[in-house]
Each structure stands twice: as structure tokens, then as C-alpha cells.
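Enquirer: Please take these sequences and the hints and turn them into a complete structure.
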Amino acid sequence: MTMETRLDPIITDYLRRLGWALAPLPAADAEDIVEETRSHIAESIVRGEDAARVLADLGRPEAYARSFVGEMQLAKAVTSQQMPNMFGAVVARVHRSIAAALAFAVVALLAAAALAMIGMVISKLIDPAHTGLWSSDSQFFLGTITHPEQARDLLGLWLYPAAVFGLLLSWILARLVLVRALATIVRKPSDISASP
Amino acid sequence: MYLAIQDMNADTTSDIAGDSHRAQLLKGVAELALLRLLSRQPQYGLEILDQLRTQAGLQMASGTIYPLLHRLERAGAVKPDWRMEGEAARPRKYYAITAHGRAQLRTLAAEWKRFSDALNAFLKKE
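For the protein sequence lines, the chains are A and B, in the order given. Taking this note's numbering, I'd label the letters of the first sequence as residues 1105 to 1300. Taking this note's numbering, I'd label the letters of the second sequence as residues 2 to 127.
Derived from the structure by calculation, the hints contain no laboratory data. Only a predicted model underlies this, so the values are computations on that prediction, with no experimental measurement involved. Treat the hints with care, as some may be off.
[To be verified] The calculated DSS-like cross-link candidates involving lysine-lysine, where the alpha carbons are at most 27 Å apart (straight line), are:
hint	chain 1	residue 1	chain 2	residue 2
1	B	Lys94	A	Lys1180
2	B	Lys80	B	Lys125
3	B	Lys80	A	Lys1180
4	B	Lys94	B	Lys114
5	B	Lys28	A	Lys1180
[To be verified] Listing some non-contacts, in silico: residues in chain B with all C-beta distances to chain A over 12 Å:
hint	residue
6	Gln42
7	Pro43
8	Asp51
9	Leu69
10	Gln105
11	Arg107
12	Ala111
13	Arg115
14	Asp118
15	Leu124
[Stated by the list, open to error] Okay, the calculated beta carbon distance ranges per label pair:
hint	chain 1	residue 1	chain 2	residue 2	range
16	A	Ser1184	B	Asp82	23 to 31 Å
17	A	His1234	B	Ala76	31 to 39 Å
18	A	Ala1160	B	Glu88	54 to 62 Å
Using N, Cα and C, we set each Cβ at its ideal position, and we do this for glycine too.
Expert: Written out as C-alpha cells, the structure is:
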């Protein structure tokens, strides 16, 4: 039969776990990687290397798979420049990349600001008399007040275009931050060392 | 403990300036050496690891070289080809450099030369 029957159970187990962990990739890609890994392991063993050491050099199957999957998601995010892809790639790295964590914080803030602006627009539609950018003697207030006669509305109907402008600006800024963060992340370290 | 091991294997260990620059340099070097190796003739993974070790002095884990090959493949710098060879028990995945890969090799080699010339000059300076 094939080499398969002679492979150690720890190897078949490794390859099975690798296959599972590669599930986010297109099936043909995942299969190709598993086949190449199988070929690598089998050939290393034929050369007289110890199976456990060969597997250790590859790393745990989940971690090994992650370097393929992560790379692909990142490449997809960078080439597509689609907000959901970019945001997903950043979120996946929040816990191990400062650039991703910062980008996430900024985008979250921008999203909160955008939500607040949408809230203002809805509020203005429902209750135009009490909603606006209010100015009194000493302060500004953006929102709904109970006594509109005590303050001046600086925006009036301009609130709508201002909100649209604000939303656009948040969107553009968020995009910019994500693109910059991904550009930083793409230049990622890989674990090699020069031999003495 | 499990977490620590996972973190060590994580693709982006840190983006902190110094670390990332050194790692970035090593990453570029690995890519440069790999493309140079493949520009001579198509090779398969295990052979690539061996030759980078013996010829370029680069000690890379197999867990690093395959993802790198995969990335270069998707970037169109290398082209894979599964071959069944006489003495081998199973097919091997050979990688050949593409025209795009050659262009990238030239760019990386020029960058490396600029970098090493400048650093050598700096190191020799009294």
C-alpha cells in the first residue's frame, strides 16, 4: 500500500488537526497545504529524522494553520480594501498587535460618533423644535433640550448636511486608520534566526 | 502555559519599533534568499530548507518556510508544480520563480545591497 499505513498515528492525528484548522481557506488550498505537509513529514522521516521533532519544527497544527489562514485573511483585507475584511483582520490581531489595538480603539470611537450623529438626525426628524446644536450664554450643547426658547440653535436644518458630512468624515477616517494599521501589520515579523 | 506557546507562534508577536524592524529585516532576508535560490532552479520545501541552511546560513523552521512559500505563491512570485519523481515515495511540490518573482528579487537584492553597504561603511568608520 501507500506510505500512509506506515505513518505514525501522531502524524495522521497532526494532519487531521491541520486539516480542520485550515477550514477557513478554500478547500483546494487547504488540501494542497495538508498534502505538502504530509509529503514534508514523510520525506523527513525517510531521511531518518524523528517524527516528533519534525512535527515540533512545524509547530502545533493550529498555530501552523493560523500562519496560512491569517496571511490569507490579511492579504484579502489589504487587496480588497473592503471595510468588513479590513476590520475583521484588525480585530483578529487586537490581542497581539499594538497597531491593531490602536486602530480598533480609533475605529470604535469613530463608530460611536457616527452612531451619535445618526441618533441626532432621527431625533431631529421626530422632534425638530427641541433638537439642534444649542448655544446659550456660556455653553454649547448638541442634542435635545427641553426649553428651546432659552438658547439659540446654531444649525437649524443645517444639522442634516452637517450629520452627512460628519458620517462621511468618520467613514473616511476609519478607512484611513484601517489601511494604515494593516500596512504596519503586513510587515510582520517571522521567526527565523541567522545561524552563527 | 498553552497561551504562552500560542503567543510565541502568533504571526505578529509585537509591533514595537525595534523588534519589528529587526524582524522585518529578517523577513526580507528570508524572502530574498528564497527567491535567489529558486531563481537558479525549481526546488521543493525540504530541499529549500536544507539549502537555505547550508548555503545562505539561514536557520528557518519548516513551520515558517511553508507559509512564506504559500504567500509568495499567492502573490504570483512563485509557481507550484507537483511532480512525481522516480526515487520519491510520494509527489513533491516544486516551486519555480516567475517573472514577477524575478523582478521582486532584483528589488530586494538592491535594497539589501544599499542597506549592507551603508551599514558596513558605518561599522568601518572610526
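Enquirer: Would the least Cβ to Cβ distance between B:Asp51 and chain A come out above 12 Å?
Expert: violated, 10 Å
Enquirer: For the pair we were handed, B:Lys28 and A:Lys1180, check the Cα-Cα distance against 27 Å.
Expert: The given pair, whose Cα atoms are some 20 Å apart, holds under the 27 Å limit.
Enquirer: Decide if the proposed pair is consistent with the structure: B:Lys80 and B:Lys125, CA atoms, cutoff 27 Å inclusive.
Expert: Violated, at about 41 Å.
Enquirer: Measure nothing beyond the straight line between the CA atoms of B:Lys80 and A:Lys1180; if it is 27 Å or shorter, mark the hint as holding.
Expert: holds, 19 Å
Enquirer: Could one say that the CB atoms of A:His1234 and B:Ala76 fall in the range 31 to 39 Å?
Expert: This hint is violated: roughly 57 Å between Cβ atoms.
Enquirer: Should the label of B:Asp118 as a non-interface residue stand, given a Cβ cut-off of 12 Å to chain A?
Expert: holds, 19 Å
Enquirer: Does B:Leu69 clear chain A by more than 12 Å, comparing its Cβ with all Cβ atoms of that chain?
Expert: Its Cβ does come within 12 Å of chain A, the nearest being 7 Å, so this is violated.
Enquirer: Between A:Ala1160 and B:Glu88, does the beta-carbon spacing fit 54 to 62 Å?
Expert: violated, 27 Å
Enquirer: Look at the Cβ atoms of A:Ser1184 and B:Asp82 and judge whether their distance stays inside 23 to 31 Å.
Expert: Holds, at about 28 Å.
Enquirer: B:Lys94 and A:Lys1180: Cα distance at most 27 Å?
Expert: holds, 24 Å
Enquirer: According to the definition I'm using, a residue is off the interface if its beta carbon is farther than 12 Å from all beta carbons of the partner; does B:Gln105 meet that for chain A?
Expert: Non-interface label on B:Gln105 holds, nearest chain A Cβ at 15 Å vs cutoff 12 Å.
Enquirer: Would you mind confirming whether the straight-line C-alpha gap from B:Lys94 to B:Lys114 stays at or under 27 Å?
Expert: Measuring from Cα to Cα gives roughly 31 Å; hence the hint is violated.
Checked against the numbered hints listed earlier, the structure breaks hints 2, 4, 8, 9, 17, 18; every other hint is satisfied.
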